[in-house]
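Peer 1: In our numbering, the protein residues as written are 3 to 91.
If you're looking for bench data, these hints aren't it; they were derived computationally from the structure.
The beta carbon of each residue, even a glycine, is placed where N, CA and C say it ideally should be.
Treat the hints with care, since some could be wrong.
Claimed, not checked - For each label pair, taking beta carbons as the anchor points, the in silico distance ranges come out as:
| hint | residue 1 | residue 2 | range |
| --- | --- | --- | --- |
| 1 | GLY83 | ILE47 | 25 to 35 Å |
| 2 | LEU31 | THR53 | 15 to 25 Å |
| 3 | HIS38 | SER66 | 17 to 27 Å |
| 4 | ALA32 | SER62 | 14 to 24 Å |
| 5 | VAL55 | THR30 | 26 to 36 Å |
| 6 | ILE72 | LYS16 | 29 to 39 Å |
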Amino acid sequence: MKIYFAGSIRGGRKYAAIYRELISYIATLAQVLTEHIGDNNISIIGEDNLTDVQIYDRDSSWISSCDAVIAEVSSPSLGVGYEIGFAEM
3 MKIYFAGSIR GGRKYAAIYR ELISYIATLA QVLTEHIGDN NISIIGEDNL TDVQIYDRDS
63 SWISSCDAVI AEVSSPSLGV GYEIGFAEM
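Starting from the given sequences, assemble the full structure and let the hints guide the process.
Peer 2: Here it is as structure tokens:
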């Protein structure tokens with residue numbers, strides 16, 4: 003089973019430690035496509051080695067190929083909201 007885990011990056015990294023814990027647990031049960039969401043090295047700037055278009059293309063592909071999306075929504079994030087809407091589509 004493939005899981006797309008969504009959590010705030012540019013909306014704030016306040017809950018990164020919680021993301022990391024959730025991702026670690028989920029990874030014992032399924033493949034987590036977005037383990038980097040819990041990475042301490044990602045700042046609110048995001049993944050500076052990729053363009054916005056590259057991130058969009060990659061993430062859209064992952065959402066299309068996953069079996070389920072788990073979204074941690076404690077921190078408001080337009081990106082996470084978009085990912086949830088994309089997954090529902």
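Peer 1: Given the range 29 to 39 Å, decide if the beta-carbon distance of ILE72 to LYS16 lies inside it.
Peer 2: violated, 18 Å
Peer 1: With respect to the beta-carbon atoms only, verify the hint that ALA32 and SER62 lie 14 to 24 Å apart.
Peer 2: Given about 20 Å between the Cβ atoms, the range holds.
Peer 1: Could you check the hint for me, namely that GLY83 and ILE47 are 25 to 35 Å apart, CB to CB?
Peer 2: violated, 20 Å
Peer 1: Within 17 to 27 Å: is that where the Cβ-Cβ distance between HIS38 and SER66 falls?
Peer 2: The hinted range 17 to 27 Å holds for HIS38 and SER66, with Cβ atoms some 18 Å apart.
Peer 1: Is the distance from the Cβ of LEU31 to the Cβ of THR53 consistent with 15 to 25 Å?
Peer 2: Given about 33 Å between the Cβ atoms, the range is violated.
Peer 1: CB of VAL55 to CB of THR30, is that within 26 to 36 Å?
Peer 2: holds, 33 Å
Checked against the numbered hints given earlier, the structure breaks hints 1, 2, 6 and satisfies all the rest.
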